[in-house]
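Chemist: Sequence:
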Amino acid sequence: MLNKNKYLSHTIRIFIGCVFIASAILKYISIDAFDIYIYEHQLFNFAITATLTRLLIATEFVLGVLLIANLCIRFTYVVTFLFLIGFTLYLCLQPLLFDVDINNCYCFGDKIMLNHTQSIIKNLVLMGLLLLVNIRFYHKRKYELAVFIVLTLSASTAFMLIDAPDYIYKKIFRTEVRINTNIYEKALHKTTKYDTFSSGYQLICLYSTKCKYCKIAAEKIDRIIKQNQLAPSHVKCIFWESSDSTEIKHFFSENKLVPLDYALFSIGEFLAITNGKMPVILFSDKGNIIRSVNYTGFSEKDITDFLRQKPAKGSVVF
1 MLNKNKYLSH TIRIFIGCVF IASAILKYIS IDAFDIYIYE HQLFNFAITA
51 TLTRLLIATE FVLGVLLIAN LCIRFTYVVT FLFLIGFTLY LCLQPLLFDV
101 DINNCYCFGD KIMLNHTQSI IKNLVLMGLL LLVNIRFYHK RKYELAVFIV
151 LTLSASTAFM LIDAPDYIYK KIFRTEVRIN TNIYEKALHK TTKYDTFSSG
201 YQLICLYSTK CKYCKIAAEK IDRIIKQNQL APSHVKCIFW ESSDSTEIKH
251 FFSENKLVPL DYALFSIGEF LAITNGKMPV ILFSDKGNII RSVNYTGFSE
301 KDITDFLRQK PAKGSVVF
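Heads up, the final residue of the sequence shown is numbered 318 in my numbering, and it's a clean run with no missing numbers.
Since the hints were made in silico from the structure, they are not lab data.
Careful: at least some of the hints might be erroneous.
To be verified - With a cut-off of at most 25 Å between alpha-carbon atoms, the simulated DSS-like pairs for lysine-lysine come out as follows: (1) K286 with K193; (2) K193 with K249; (3) K212 with K249; (4) K277 with K170; (5) K210 with K171; (6) K277 with K212; (7) K286 with K186; (8) K256 with K226; (9) K256 with K212; (10) K301 with K170; (11) K190 with K286; (12) K256 with K301; (13) K170 with K186; (14) K171 with K186; (15) K249 with K190; (16) K226 with K190; (17) K226 with K170; (18) K6 with K210; (19) K226 with K210; (20) K6 with K142; (21) K277 with K186; (22) K210 with K277.
All chains should be built: construct the whole structure from the sequences, respecting the hints.
Modeler: In structure tokens form, the structure reads like this:
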């Protein structure tokens, strides 16, 4: 039965629109974690995943704005309902089809955590509320199509560029990091790990256990290694000496990473090598550093090609 209360219908419509906008913004705030979560479904490579996550967020945002503004409401109503049905079916099938964490489905990013069951309930509640929205309380405006096109293009462009996927970011910004190879060599010689860190093709990751972006880089590399069935022994870590073994173990465990072999450098040497930048990812060919980048400067293909003994493109300027 249609809701005949105009004000109740408008209130519910605006509320649902606000939920969609909040969902889009909170996902985007935690976009790196959301990218990794979707990548773990093992459907697409990292570049495609990062593109699709941003387009999904843009879609949610546009639907939210259209609902609040009462624009293209018949179209928006149907798409919103299909959107909710689609994601509810996905959540129902998720445990059967995908080996991913169901403690947080990232409906609201990692800021408001809803588990698998809570997300399904949330969608069912929104669908129930949507049934109370009476689209008869809507009058078509002549400029709606133009607004829809501009809004869709603007939102898609903004979400693709403000926090761009790595393959776009690399084309706009410099991702190479200057390092001091002389100090790196000397510091590595002081450890007992020189031989293991200088054999074959390896990624050497300079991390701080407290650095947010180090954790993002470590998660990304870990998932790429797992999905492409590469040997974890090809990835090594370097921390500075103030990090004790407990902190380092926690760094791996809290981010659900495969524990990696690591070496410790003094704080002074670490900062002199990286010029204070973290994280820094080194592409090491038998001990020769042929490339050094920040956490946005490598792609899935860069890593897989390099560790499968295909030269990674690009070189670092020392």
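Chemist: Given the hint that K190 pairs with K286, test it: the Cα-Cα distance must not exceed 25 Å.
Modeler: holds (18 Å)
Chemist: Check the hint pairing K256 with K212 against an upper bound of 25 Å on the C-alpha distance.
Modeler: holds (15 Å)
Chemist: Taken at face value, is the distance from the CA of K186 to the CA of K277 at most 25 Å?
Modeler: holds (19 Å)
Chemist: Are K6 and K142 close enough, with their CA atoms no more than 25 Å apart?
Modeler: At roughly 22 Å apart (the allowed maximum being 25 Å), K142 and K6 satisfy the hint.
Chemist: Would you mind confirming whether the straight-line C-alpha gap from K193 to K249 stays at or under 25 Å?
Modeler: holds (18 Å)
Chemist: Keeping to a limit of 25 Å between CA atoms, is the pair of K210 and K277 held or broken?
Modeler: Since the Cα atoms of K210 and K277 sit roughly 13 Å apart, the hinted pair holds (cutoff 25 Å).
Chemist: Run the distance test for K277 versus K212: straight-line Cα separation, threshold 25 Å.
Modeler: holds (12 Å)
Chemist: Straight-line Cα separation of K212 and K249 no greater than 25 Å?
Modeler: Answer holds: K212 to K249 is near 16 Å, not above 25 Å.
Chemist: K256 and K226 were given as a pair; does the straight-line alpha-carbon distance stay at or below 25 Å?
Modeler: Holds, because 12 Å separates the two Cα atoms, which is no more than 25 Å.
Chemist: For the pair supplied as a hint, K170 and K186, is the alpha-carbon distance within the 25 Å limit?
Modeler: Violated, at about 31 Å.
Chemist: Need the status of pair K286, K193: alpha-carbon distance at most 25 Å?
Modeler: This hinted pair holds, its Cα atoms lying about 13 Å apart.
Chemist: Going straight from one Cα to the other, do K286 and K186 come out at no more than 25 Å?
Modeler: Since the Cα atoms of K286 and K186 sit roughly 16 Å apart, the hinted pair holds (cutoff 25 Å).
In this structure, the hints that do not hold are numbers 5, 13, 14, 16, 18, in rising order.
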